[in-house]
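Colleague: Sequence:
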Amino acid sequence: MRTSLIFITILIGLSSCDKKVEADLNFYGSPEQRMSDSLEFVRNRLVGAPNGWKGGFATGLKGGYGFYFTFKENQEVEMLSDFSNETAQVPSLSTYRVSPLFSPTLVFDTYNYISLMYDPVPGVANGKAGEGFQSDIEFLYERSNRDTLFFKGKKYEHPFFLVEATAQEKQLFVNDGINAFKNAFAADYNDAFVFPYIGDPINRLSISIDNGTKNVSFSYIDGTGDIDSSTTSSFFYTPSEVHLANFVPFNGKSIKSFILFDGKVKLIYTDGSLEDLLTQSTPLFSIESAFAYNKTYKRITGDDAIPGVTADVHIFDRVGELFTASGRNITSMYFGFTNSTTATFYIDYTSGSTRYIASATYDYRREGNTLFVKRASNNGNWSSRSTQVKPVNDILGDGSDERELVIDWVSSADNSVKFPIIGISPVHDRGNLIYGRLGE
Numbered sequence: 330m331r332t333s334l335i336f337i338t339i340l341i342g343l344s345s346c347d348k349k350v351e352a353d354l355n356f357y358g359s360p361e362q363r364m365s366d367s368l369e370f371v372r373n374r375l376v377g378a379p380n381g382w383k384g385g386f387a388t389g390l391k392g393g394y395g396f397y398f399t400f401k402e403n404q405e406v407e408m409l410s411d412f413s414n415e416t417a418q419v420p421s422l423s424t425y426r427v428s429p430l431f432s433p434t435l436v437f438d439t440y441n442y443i444s445l446m447y448d449p450v451p452g453v454a455n456g457k458a459g460e461g462f463q464s465d466i467e468f469l470y471e472r473s474n475r476d477t478l479f480f481k482g483k484k485y486e487h488p489f490f491l492v493e494a495t496a497q498e499k500q501l502f503v504n505d506g507i508n509a510f511k512n513a514f515a516a517d518y519n520d521a522f523v524f525p526y527i528g529d530p531i532n533r534l535s536i537s538i539d540n541g542t543k544n545v546s547f548s549y550i551d552g553t554g555d556i557d558s559s560t561t562s563s564f565f566y567t568p569s570e571v572h573l574a575n576f577v578p579f580n581g582k583s584i585k586s587f588i589l590f591d592g593k594v595k596l597i598y599t600d601g602s603l604e605d606l607l608t609q610s611t612p613l614f615s616i617e618s619a620f621a622y623n624k625t626y627k628r629i630t631g632d633d634a635i636p637g638v639t640a641d642v643h644i645f646d647r648v649g650e651l652f653t654a655s656g657r658n659i660t661s662m663y664f665g666f667t668n669s670t671t672a673t674f675y676i677d678y679t680s681g682s683t684r685y686i687a688s689a690t691y692d693y694r695r696e697g698n699t700l701f702v703k704r705a706s707n708n709g710n711w712s713s714r715s716t717q718v719k720p721v722n723d724i725l726g727d728g729s730d731e732r733e734l735v736i737d738w739v740s741s742a743d744n745s746v747k748f749p750i751i752g753i754s755p756v757h758d759r760g761n762l763i764y765g766r767l768g769e
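In my numbering, the protein residues as written are 330 to 769.
I should point out that these hints are in silico values taken from the structure, not numbers from a laboratory.
Cβ atoms here follow ideal geometry from the backbone N, Cα and C, with glycine treated the same way.
Don't take each hint at face value.
[Unchecked claim] Derived DEER-like restraints, expressed as beta-carbon distance ranges: (1) Thr439 with Asp633: 47 to 55 Å; (2) Arg759 with Ser688: 20 to 28 Å; (3) Asp730 with Glu467: 34 to 42 Å; (4) Ser583 with Tyr685: 38 to 46 Å; (5) Pro636 with Ala705: 32 to 40 Å; (6) Asp633 with Ser680: 17 to 25 Å; (7) Trp738 with Ser688: 22 to 30 Å; (8) Ser682 with Thr599: 18 to 26 Å; (9) Gln609 with Asn403: 53 to 61 Å; (10) Gly541 with Val735: 24 to 32 Å; (11) Asp591 with Asn403: 41 to 49 Å.
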């Protein structure tokens, strides 16, 4: 494992993005002159960084993504990305421009790694039809400081920042540093933690780093073990850290990233201070305090497969397989509580370039973690896709009778899974299982 000194050295550069010293853009003269000056400033900054730029952004649907850029005077840009192992190793060469739209706008105008998150065709990068990952290829310039440029996506408005890389960081990026850190972090994190947290018994913060979705879920737990509130931040990898796309407050400070230091996984705040992650073998909150129509989490989501779960029938997985076999692709799927008496099984899918919704509604009553459901209605697509939704009907019923189900935590034998898994199964057939991530 590479030494912690390298990781801390690299972090010093990125921490400077928290300083808010505005660049002097010469706000004088006509609007045309000010725009011209701003365009020149951004262009010169982009090509003037001798060791390139590092940065990243969140997407609306698929977590966060990090990049390393070298902008050239001929309007070519070379980049690496943590999108995949390959994109972290093989540079992409494309073109860019800085255009005068509402403000100076950085536009990636030929296909590259940023385009993957933007691509509206589901078969390219597994994005949503017509929306991709809800990400941009045009970024409006907002402000700058000594070594950082701040942008915002033109359509989806996700913040995008670029920080000047050091010579050492450049060498790590171009020598497969993203993959090296990702593997080292996963090894230490997976071995040491089950359900991580920080804080004390009166005020704890539950932390779930989910590599499948590239999101980190944070739940603020009070002294009784109930969830007071929750938030989620996307993240991306650099050669030194798991970097949050949006900083998260705790005890008067803001959490910025997770690093490896002295052979341990630590949390780092924006002020540079470090804190050890703690762990326990069970979730920090109970099902009753977390999962209900009036609680933080109202859904069990099936958008991404979870490895290591044992079941006779994996309902979400099986439904996905049947839709795929019919030439259709599911982009979103969940079971959730609509209110105190109504629940829904929802499937968002595409056939070709057309989007469809198949859904069924259930009347339910709940006694602790026992659930009684009876289907009340379904839409036409549910009926027309009867073969594909049969696994759901087998467990939740077709409306002819009431079904008794049990809500419980589900375990995974895969030690890379470090987030709570919740499941619903028939009381007399616990191997027939709807399980997934908690969703809001």
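Colleague: Against each hint, give a clear statement of whether it holds in the structure.
Modeller: Hints, one by one, checked against the model:
1. Thr439 with Asp633: 47 to 55 Å: violated, 30 Å
2. Arg759 with Ser688: 20 to 28 Å: holds, 26 Å
3. Asp730 with Glu467: 34 to 42 Å: violated, 54 Å
4. Ser583 with Tyr685: 38 to 46 Å: Because 42 Å falls inside the window, the suggested range holds.
5. Pro636 with Ala705: 32 to 40 Å: The hinted range 32 to 40 Å holds for proline 636 and alanine 705, with Cβ atoms some 34 Å apart.
6. Asp633 with Ser680: 17 to 25 Å: Roughly 21 Å apart at Cβ, these two residues keep to the hinted range, so it holds.
7. Trp738 with Ser688: 22 to 30 Å: holds, 26 Å
8. Ser682 with Thr599: 18 to 26 Å: violated, 43 Å
9. Gln609 with Asn403: 53 to 61 Å: holds, 55 Å
10. Gly541 with Val735: 24 to 32 Å: Between glycine 541 and valine 735, where Cβ atoms are some 25 Å apart, the hint holds.
11. Asp591 with Asn403: 41 to 49 Å: holds, 45 Å
The structure fails to meet hints 1, 3 and 8 from the earlier list, while all remaining hints are met.
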